[in-house]
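2 protein chains.
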Amino acid sequence: MEKAQILEAIKAELTHIEKTLKFYLNSHYPFINQVSEYIIFSGGKRIRPLLSVLSAKLFLDSKKDLKNEALIYQTSIIFEYLHAATLLHDDVVDSAEFRRGRKAARNLWGNQATILVGDYLYAKSLRIASSLKNSELMEVITETTLLMSEGEILQLLNLDNTSLTVKDYEEVIFRKTAVLISACCEVGSILGGANLKERKALKEYGKALGMAFQIIDDLLDYTSLETGKELGKDFKEGKVTLPLIYALENALPEEKKRLLYLLKNQNTSEKDFLEAKFLIEKNKGFLETLKRAKYYVNKAKESLHPIPENFYKTLLLFISDYLLERKK
Amino acid sequence: MEKAQILEAIKAELTHIEKTLKFYLNSHYPFINQVSEYIIFSGGKRIRPLLSVLSAKLFLDSKKDLKNEALIYQTSIIFEYLHAATLLHDDVVDSAEFRRGRKAARNLWGNQATILVGDYLYAKSLRIASSLKNSELMEVITETTLLMSEGEILQLLNLDNTSLTVKDYEEVIFRKTAVLISACCEVGSILGGANLKERKALKEYGKALGMAFQIIDDLLDYTSLETGKELGKDFKEGKVTLPLIYALENALPEEKKRLLYLLKNQNTSEKDFLEAKFLIEKNKGFLETLKRAKYYVNKAKESLHPIPENFYKTLLLFISDYLLERKK
Chain A
0 MEKAQILEAI KAELTHIEKT LKFYLNSHYP FINQVSEYII FSGGKRIRPL LSVLSAKLFL
60 DSKKDLKNEA LIYQTSIIFE YLHAATLLHD DVVDSAEFRR GRKAARNLWG NQATILVGDY
120 LYAKSLRIAS SLKNSELMEV ITETTLLMSE GEILQLLNLD NTSLTVKDYE EVIFRKTAVL
180 ISACCEVGSI LGGANLKERK ALKEYGKALG MAFQIIDDLL DYTSLETGKE LGKDFKEGKV
240 TLPLIYALEN ALPEEKKRLL YLLKNQNTSE KDFLEAKFLI EKNKGFLETL KRAKYYVNKA
300 KESLHPIPEN FYKTLLLFIS DYLLERKK
Chain B
0 MEKAQILEAI KAELTHIEKT LKFYLNSHYP FINQVSEYII FSGGKRIRPL LSVLSAKLFL
60 DSKKDLKNEA LIYQTSIIFE YLHAATLLHD DVVDSAEFRR GRKAARNLWG NQATILVGDY
120 LYAKSLRIAS SLKNSELMEV ITETTLLMSE GEILQLLNLD NTSLTVKDYE EVIFRKTAVL
180 ISACCEVGSI LGGANLKERK ALKEYGKALG MAFQIIDDLL DYTSLETGKE LGKDFKEGKV
240 TLPLIYALEN ALPEEKKRLL YLLKNQNTSE KDFLEAKFLI EKNKGFLETL KRAKYYVNKA
300 KESLHPIPEN FYKTLLLFIS DYLLERKK
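Chain order of the listed sequences is A and B. For the first sequence, counting from 1, position 327 maps to 326 in numbering that gives the first Met the number 0; every step adds exactly one. For the second sequence, counting from 1, position 176 maps to 175 in numbering that gives the first Met the number 0; every step adds exactly one.
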């Protein structure tokens, strides 16, 4: 299949998703819509609703089941609202100044409103979910939010822990990111009428893809070449992510000591960050991180083996590869 | 019926509720259970789960339907977890130092953990709700959380508004308190197998009772004679509640000016508060507030007219009257 055709199809889905995201922001209170729109329409990649739509269409006969299309888009935005809710709370918890290159919502409307609009988006998301009157789907979504909230707390508790292992790190990102992306795919497959085996395949696909997605995100925080992106945000905040964990495993004692010193330093300068980056690169932190991401991308693609080839499977495989190549 | 018999029955229900509240706090992470238990077992009156249980039992043949009992208690705690989640977020939003005479959770574990454990309890509550696999019930609960979150934001936006009317105030407390108490009763009635007319009666009962409950709460903030309770918390924080609204309506221009001055004063002394209390009392603020609470209690009791007399109806009517007499 031509790449242009794939990109065209994805673009078409994203247009429907954007419209639906806009349509459901309909609080009586303009202030609530204003803050919600600020976080929702701030340049997110829509990876979650997109995966949900594609996972549903994967199982539908596109000619026969067109009447379900509205339902598919409606369901897909549950995950973007939920994601936006966690971003708002994350920004308060991290005292973030910026988000996606713009001022963080808390910087414009304060922590109080940001916490409460986060709660609103969470409630909105679950309200849309319950309107589908599908208990199976509701169980997946509420179990997901529960695991995610535990993941957020785990991350907070790990904040000052510099002896995190790969396993610790992966437990956090599993809950923080992979569980939601897995739910997008699983819920999509339920909507599409997948059988249990197919549903499990999509759940596993989303889980592995989610792991790869977060690992690449954490790698790009060090290595992105995108203009306008502030590099080293995690490191400067003292956050331990996979590149650093691998580097600390491989480093000589004095390098390890130096890396931890730079990490804990209150005011990390650009020069400090570049030194840390050098030490991480020298100790294969980026190389091994990329390898781990590739492992998960392959795992994701393998999960789709039981699914017969079709247009939407091609799209899902394309997205898996795209994850590794993305620059932001 | 003897008052002793009524109190005995309520006590028995509360014992079951306490056990169930404890049973479901079972996160893998001890820290999450610790913070959750701190807020959940901090001397709450359990009015929400109690109403939910009684509203269910109202419609059950107690001998025939005993097998449903576990389900009834399980459902009832959804509302207490949800309530606890809002308390944690409220305390962060209000920068509260204390809650129910103890240090607020945020004072012990910080704002970050408090926000996230609030999210956890919210997720936990909806996870339990979804496990009941009842779409009708899920719709009531998610619609309730949505209205509540709007109410919290409305309250925040109203914070500096000293020209609030009774209508403005009642819109906030409807969303902040009455919607949840209404949902407790409605969901209970659904579980008990009520027909649509009965379900509506319980929904209205809960709504009116919730209004009365919050009005009395706001009155007690000025007038409680309970030892150990700090009086005037709302006024000292600059919060405009019903006693003040009525007083401002009735006050002479210079009294009104003085009341607003005392309200806006950054460091309200005990003497300032007593002066405000005197002015509110003089202008019938407390009297009219109590009258309004009585109006809602009567409305609540009238809502139960369509329900045939039975033991649980007696309990619900008793609780309505108790609300007016409570001292804390």
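For the record, the hints were derived by calculation from the structure and aren't laboratory data. Please read these numbers as outputs of a predicted model, since none were measured by experiment. One should not assume that every hint holds.
Since the list gives no way to pick out one identical chain from another, each pair is judged satisfied if it fits inside one copy or across any two copies.
Here are the computed lysine-lysine pairs in the BS3-like style, where the Cα-Cα straight-line distance is at most 30 Å [unchecked claim]: (1) 18 with 298; (2) 132 with 196; (3) 256 with 300; (4) 263 with 175.
For each hint, the structure was consulted:
Proximity of residue 18 to residue 298 under the C-alpha cut-off of 30 Å is found in neither arrangement, the shortest distances being 33 Å within a copy and 44 Å between copies. In this homomeric assembly, residue 132 and residue 196 come within 30 Å of each other (Cα to Cα) both inside a single copy, at 23 Å, and across copies, at 22 Å. Taking CA atoms no more than 30 Å apart as the test, residue 256 paired with residue 300 passes in neither setting, with 39 Å inside one copy and 71 Å between copies. With identical chains, the CA atoms of residue 263 and residue 175 are at most 30 Å apart within one copy only, with a shortest distance of 24 Å there and 43 Å across copies.
Against the hints set out earlier in the document, violations occur for numbers 1 and 3.
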